[in-house]
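60 is the number that the working numbering gives to position 73 of the sequence shown; each next residue is one higher, with no gaps.
Rather than coming from a laboratory, the hints here were simulated on the basis of the structure. Some hints here could point you the wrong way.
To be verified - The list that follows gives simulated cross-link-like pairs (lysine-lysine, DSS-like), each with its CA atoms no further than 27 Å apart:
no., residue 1, residue 2
1, 137, -1
2, 207, 155
3, 57, 256
Unchecked claim - Ranges between beta-carbon positions, derived for each pair:
no., residue 1, residue 2, range
4, 526, 298, 24 to 30 Å
5, 43, 393, 23 to 29 Å
6, 500, 273, 28 to 34 Å
7, 209, 275, 51 to 57 Å
8, 273, 597, 27 to 33 Å
Computed from a predicted structure; not experimentally measured. Beta carbons: idealized from backbone N, C-alpha and C, even for Gly.
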Amino acid sequence: APSTLNPIRSPKRAIARRAVVLHRMLVSGYITKQEYQSAKAAPITGKRHGAEIELNAPYIAEMAHQEVLKRYGKEKAYTEGYKVFTTVTAKLQTAAQQALVNNLLNYDQRHGFRGPLVSLRTNQASKTNTLAEQEPSLLTQEEIDSALTKTNYYQMLVPAVVIAVEEKSVSIQLRNKETATIKWPGLAWARPYINDQRQGRPPKVASDILHYGDVILVSKMPDSNYRLGQLPTASAAIVSLSPDDGAIKAAVGGFSFTQSQFNRVTQAKRQVGSNIKPFIYSAALEHGFTLASLVNDAPINQWDRSSGVVWRPRNSPETYAGPLRVRLGLAQSKNVIAVRLLQSIGVTNTINHLAAFGFKASDLPRSETLALGSASLTPLEVATGFATFANGGFLIEPYLIERIENSDGEVIYQANPALACDPCLQTDDLDKPDEEIDFIDSRNTLVENSPSVAIKQATRVISPQNAFLITQALNSAIWDADWSATPGWQGTGWRARTLKRRDIAGKTGTTNDAKDAWFSGFSRRLITTSWIGFDDPRHILGQTVYNNNLGKNQTTGKEFGAKSAQPAWIEFMRIALADIETEAFEQPVDIVSVRIDKATGKLTTKTDSSSQFEYFRLGNVPTDYATQDNTSEILSGGKKKEEEEELF
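Can you build the whole structure from these sequences, using the hints too?
In structure tokens, the structure reads:
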């Protein structure tokens, strides 16, 4: 077959075949002897060719590819020479890819080393690592080259063969016969992986980890030193979009497109855990609750007559604070408070409210487990839902392709997304007085980049007041804390404080048994969702113990959203927010701030640490003042009175 003579894949065969053809041409008189000798001595100049790649983003490329196929059909898509321009920026896409890869590698390596890919020394006696056995001559160069050629690259992970093992280092050979050394700092992490929840003892010497002839993956670090690596068994996704119009700014569907073309951003429906809670709380605000309403943070023991079992939703960690304000319930991700709120407003009302955020009702379980995140959604669907809070209450539709040009450079498709603006600036508005235009323009930041066609306005699905209040509670999940209380507390997203941005809000999410971990967070101009989990449902994210080889600043304990998914979000947003000015979330009309008593949620005249300012809708402001004698109404459940007494 012609492929066997490909000068790129098989240069020796190509040269041999060329010599045969040239000799026949010489014998047949088609060329002179001088021409024959010159052509025979010419070097192979074949090389790969194709479109110039400005950005290596295979998941984005495939998303655009599928959309063009759907829009124009296979024949036109492949023959018309279309140029497709996406909404993705190289800087953000590169940052997203790097954040996802780094986070997956960190997660995978703290859970232990699963061993080499293969050993070229199958004889057990060959693993004694004597000096004689470390001689490279024990393996032929052909054996090493063959092993390296058969082993794939994955992102920055490249194949290598161990050719010598010292006490605290190993020598390796890479492709092209390049040799290098992995020093102890690049090996020390590699304690044995036992299972998702257990790791072996930290290694003391290099021979505890590797042996001569082992085929491994390594990565070259920024300081040019090599580090032992392995292909992560966990998967991940990250997606970032503009809440103003739904433009996808970055999307990465997995660790390596070479490893798996399954795009977890758009195709993986995973249980969302506590990432659902902001939407539950949003529904509660529409049914009379405020951020100062008290809900009983206490264990629930509820008899399910249909199944004949007791349902006992629990907090994680399993600590309870008694009566707690709604703001703190969301900031601290209290499971039982979310359940009590859902019980109070009803499952049907909750599902109807959540469907307004673009979630399919069929994906939302018609049970109280919905409050704990039993719904399965894609990362893109989750990010789209959170965008509604960021933009002040509008449902936007994510889009990737900005425009398409034909082979002559003519625009044959131009995106015209619905914008999150109220009102939206139209062409006719240019005839209005400057003061009125300034007002409209201040609420429509995309006007300068909008196409000349009539601007579409996105559908408002929640009030700006609702969006603002939930956003404030999600800001508390990052920035609020109180160590004077017993026990002290801080929001579950506190690690994002490292960004030093007060204009961000976010929510962690972890499912039962930590099969999935999430973090979704946003500024006024960018919403990003990070997910990590296993494609294989038999695995859980598990837990890790302290590795004595690594010292301080290592992640240990049970895996959950803040530990497992949020680091990728933070790394990405550090770069993404650098070009976005700090912008506070706009306080809507009919929202007021009054001083309340922290313990009761009622009004107070005190100005000490027992009080704080809280936001309310006009009409929902408390009217009673906190006194030593009065008590506040506390939600303990949404069931009938007799059931409340039995269960709580």
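Hints and how they fare:
1. For the hint pairing residue 137 with residue -1, the CA-to-CA distance comes to about 18 Å; that is within 27 Å, so the pair holds.
2. With a C-alpha separation of about 18 Å, the suggested pair residue 207 and residue 155 falls inside the 27 Å cut-off, and the hint holds.
3. Between the alpha carbons of residue 57 and residue 256 the distance comes to roughly 22 Å, so the proposed pair stays at or under 27 Å and holds.
4. Between residue 526 and residue 298 the beta carbon distance is about 26 Å. The supplied range of 24 to 30 Å therefore holds.
5. About 25 Å separates the C-beta atoms of residue 43 and residue 393, a value consistent with the hinted range of 23 to 29 Å.
6. Residue 500 and residue 273 have their C-beta atoms about 32 Å apart, which keeps the hinted 28 to 34 Å range intact.
7. The hinted window of 51 to 57 Å between residue 209 and residue 275 holds, with their beta carbons roughly 55 Å apart.
8. A beta carbon spacing of about 30 Å between residue 273 and residue 597 agrees with the range 27 to 33 Å that was offered as a hint.
Checked against the numbered hints given earlier, this structure breaks none of them.
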